[in-house]
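Using the sequences provided together with the hints, build the complete structure.
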Amino acid sequence: MPATNRTKKAYKSDSEVLKANPRSNSSGFELKDYYTPDDVKGSYKSKLGAPGEYPYTRGIHPDMYRGRLWTMRMFSGFGTPEDTNGRLKLLLSHGETGLSVAFDMPTLYGFDASSDRAHGEVGKCGVNVSSLKDMEVIFKGIPLDKVSTSMTINAPANVLTAMYAVVGEKGGIPKKNLAGTVQADILKEYIAQKEWMYPPEAHMRIIRDMMVYCTNNMPKWNYISISGYHIREAGASAVQELAFTLADGFEYVKLGIDNGLDVDSFAPRLSFFFNSSTNFFEEIAKFRAARRIWAKEMKETYGAKSERSMKLRFHSQTSGYSLTWQQPLNNIIRTSVEAMAAILGGTQSLHTNSYDEAWALPSEQAVEVALRTQQVIAYETGIPDVVDPLGGSYYLESLTDKMEEEAYKYFKTIKAMGGVVSAIKNGYLQKEIAATAYAHQRKVESGELKVVGVNAFSKENEQPINVLKIDFNAERIQRKRLREVKQKRNEGNVQRSLDRLRDVYSSGENSMESIIQAVKAYATLQEISDVGREVFGGWKEPTII
Amino acid sequence: MEGTNNNMKRRIRILVAKPALDGHDRGVLVLAKAFRDAGMEVLYAGLLPTPESVARIAVDEDVDVVALSLHNSAHLSAFPAVKKWLKKLGADDIQIVGGGIIPPADRKKLEKLGITGNFGPGTPLDQVIEHVRKVAKKKWVKDQ
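Protein chains in written order, with our numbering: chain A, 49 to 593; chain B, 2 to 145.
Derived from the structure by calculation, the hints contain no laboratory data. Hints may be right or wrong, so weigh each one.
Label-pair restraints from in silico Cβ distances [to be verified]:
| # | chain 1 | residue 1 | chain 2 | residue 2 | range |
| --- | --- | --- | --- | --- | --- |
| 1 | A | Glu144 | B | Asp144 | 58 to 66 Å |
| 2 | A | Val500 | B | Asp144 | 38 to 46 Å |
| 3 | A | Pro590 | B | Asp144 | 30 to 38 Å |
| 4 | B | Gly40 | A | Leu497 | 20 to 28 Å |
| 5 | B | Lys88 | A | Tyr427 | 56 to 64 Å |
| 6 | A | Gln511 | B | Gln145 | 39 to 47 Å |
| 7 | A | Asp111 | B | Lys113 | 53 to 61 Å |
| 8 | B | Asp63 | A | Glu561 | 48 to 56 Å |
| 9 | B | Gly91 | A | Asn514 | 36 to 44 Å |
| 10 | B | Glu53 | A | Asn514 | 31 to 39 Å |
Derived DSSO-like pairs (lysine-lysine); straight-line CA-CA distance at most 27 Å [stated by the list, open to error]:
| # | chain 1 | residue 1 | chain 2 | residue 2 |
| --- | --- | --- | --- | --- |
| 11 | B | Lys135 | A | Lys491 |
| 12 | A | Lys137 | A | Lys181 |
| 13 | B | Lys113 | A | Lys517 |
| 14 | A | Lys491 | A | Lys517 |
| 15 | B | Lys109 | A | Lys517 |
| 16 | A | Lys507 | B | Lys109 |
| 17 | A | Lys517 | B | Lys135 |
| 18 | A | Lys463 | A | Lys242 |
| 19 | A | Lys463 | A | Lys95 |
| 20 | A | Lys302 | A | Lys463 |
| 21 | A | Lys268 | A | Lys223 |
| 22 | B | Lys110 | A | Lys507 |
| 23 | A | Lys344 | B | Lys109 |
Please read all numbers here as calculations on a predicted model, not as lab measurements. Idealized CB from N, CA, C, for every residue including glycine.
Put into structure tokens, the structure is as follows:
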């Protein structure tokens, strides 16, 4: 196809800007022309070691993907509980055993479908859960003793855990056999995703309750997934994501130890969730550094003796922020590169984003392409054939060291402030992220950073793509179901269970059993959350701008 | 002079807000800084305000423009709700500019209601700033 004068001219000016581009990455590291053995410090044994061996820089398993591929875990959930139940059953019929459920915004913030605050948002970004009844429908006919369920829920994670336990119990499956994960990482909510209900201390206490309760009663339940994903999406650089996420992780470890738990009794249940963005080597270095730092700190600072406590397991998701509205098909390429970085970084499971997500919630076709991207990498490229194939690259090892070094600088700053909660309350972490986000945007505006289709190789007329249309019926259906639940339940039981929860929340004793009783009585998500709002109050974040 | 209107030496007062259950604040925080750097007086409604409280802040603070951002698919109910409240409070001269993850079909619906811009991710800041200046000027002409 002959290039028009216009595109030729555009290409010329773009290549001129590229030449002037300083070579650095999101973390602000200046990059050399090339790297040599002199750039790699320390011995092979102490810095790397074989895969599956301390400090696990090269991966947590000796055989990695030669033994078993990463789990292709695609996050989904929408509309009514019936819609989601249908989707989960479809996935199971395709051979999936790991379910992953997304909730709508009212559920994430602890509001019922009937709340004024929920209007227009019920069933939009995920499935709505207002009471135990909804969870019964979502998991109807699904063998909870044979699947593991990941639920992306944070502030009300204790209530959803209780609901899952009750659904299991009613189906004859004891709590101790239930396998799954709730995200429940409240620290990153204050830092980045901003979905909270109460002040930090109250939420940390609720996490303590879940930690202690699950360690003793639900040994297969991962009650927390320590997440850098949202920190990165909110604007952090790769090294900030690494440092802030691990700092959060250590905070939870301290919480467990301070409450009398043996570190090896709970640390193996902690897992991580990272972002994988477009700067290929920077991302791979980040994942490798994360494993090394975690192993070292767990062993040396927190006294872990079990290898399982030292092994950092993580889920990853490609970067939503890197997706552009312009020329959306280009997003398939970005997602492919990001997925490869996560795999070369040794991820345990991966979600790949759909190319149309800067336009709308993903269409079925776009979701399929995203899954196929993982399958092409898994079965055609040879990437999984050898463990940590990039290990020993002078550049990558030097970058991994630099990531580690810079992360420790942040740990020091956060420690000097009195820990993560203090660094949230004084706004330090939020401001650091906002400053990085703004600096990044400025670089895109000035052309210093190139984004294909946005400020380079752009086109005047964008071809529209087909996007998902959302059904507005979920809100009506959910409100109706909630009315029925309230008519049928025993009000006396509901009030007694909520009064009991109020006492427990005020006294400081473990609240999980009371939450389970309230859920069983069909107290709604909001009624339970409101008890907390009453006892703990709300939260207003410090001024960021 | 940046941030002012050539005809009237007046600084634009703008309120940035996310009028729903949506914590994705990267965009609004970047925009708030960009508006400020462009010479505007910027107010931020904080997280999780209702459409009513956004409208009340806008009126109390006498702003020219309200910039709304949502990434949670609630734009079709929340943006018009802010508009409705401004009208109720007798301030529908205050201009509303939208942004976020907004499908093309919804963009047209919002435009019809007088909610303009409706910028997607990747929109250059200058384009947003220019648009805000344009609608602020429109308001000032109306107010005269």
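For this session: Just tell me: holds or violated, for the beta carbon distance of Val500 (chain A) and Asp144 (chain B) against 38 to 46 Å?
Result: Distance hint for Val500 (chain A), Asp144 (chain B) holds at roughly 43 Å.
For this session: Take a quick look at whether Lys463 (chain A) and Lys242 (chain A) sit within 27 Å of each other, Cα to Cα.
Result: Holds, at roughly 22 Å.
For this session: With respect to the beta-carbon atoms only, verify the hint that Pro590 (chain A) and Asp144 (chain B) lie 30 to 38 Å apart.
Result: Roughly 35 Å apart at Cβ, these two residues keep to the hinted range, so it holds.
Problem set entry | Cβ distance range 20 to 28 Å for Gly40 (chain B) and Leu497 (chain A), holds or violated | Given a distance of about 25 Å, which is inside 20 to 28 Å, the answer is holds.
Exercise. Quick one, are Lys507 (chain A) and Lys109 (chain B) close enough, alpha carbons at most 27 Å?
Worked result: Holds, at roughly 21 Å.
Problem set entry | Distance restraint hint 58 to 66 Å, applied to the beta-carbon atoms of Glu144 (chain A) and Asp144 (chain B) | For Glu144 (chain A) and Asp144 (chain B) the Cβ distance comes to about 59 Å; the hint holds.
Exercise. Does the hinted range 48 to 56 Å hold for Asp63 (chain B) and Glu561 (chain A) at CB?
Worked result: Once the Cβ atoms are compared, 53 Å apart, the range 48 to 56 Å for Glu561 (chain A) and Asp63 (chain B) holds.
For this session: Take a look at whether the Cβ-Cβ distance between Glu53 (chain B) and Asn514 (chain A) falls inside 31 to 39 Å.
Result: holds (36 Å)
For this session: Confirm or reject the claim that Gln511 (chain A) and Gln145 (chain B) have a C-beta distance inside 39 to 47 Å.
Result: holds (43 Å)
Exercise. Is the hinted pair Lys113 (chain B) and Lys517 (chain A) satisfied, with a Cα-Cα distance of at most 27 Å?
Worked result: Holds, because 20 Å separates the two Cα atoms, which is no more than 27 Å.
Exercise. Is the Cα-Cα distance between Lys302 (chain A) and Lys463 (chain A) 27 Å or less?
Worked result: Holds, because 13 Å separates the two Cα atoms, which is no more than 27 Å.
For this session: Assess, step by step, whether the Cα of Lys135 (chain B) is no farther than 27 Å from the Cα of Lys491 (chain A), and give holds or violated.
Result: holds (25 Å)
Consistency with the previously given hints fails for numbers 14, 17, 23, ordered from lowest to highest.
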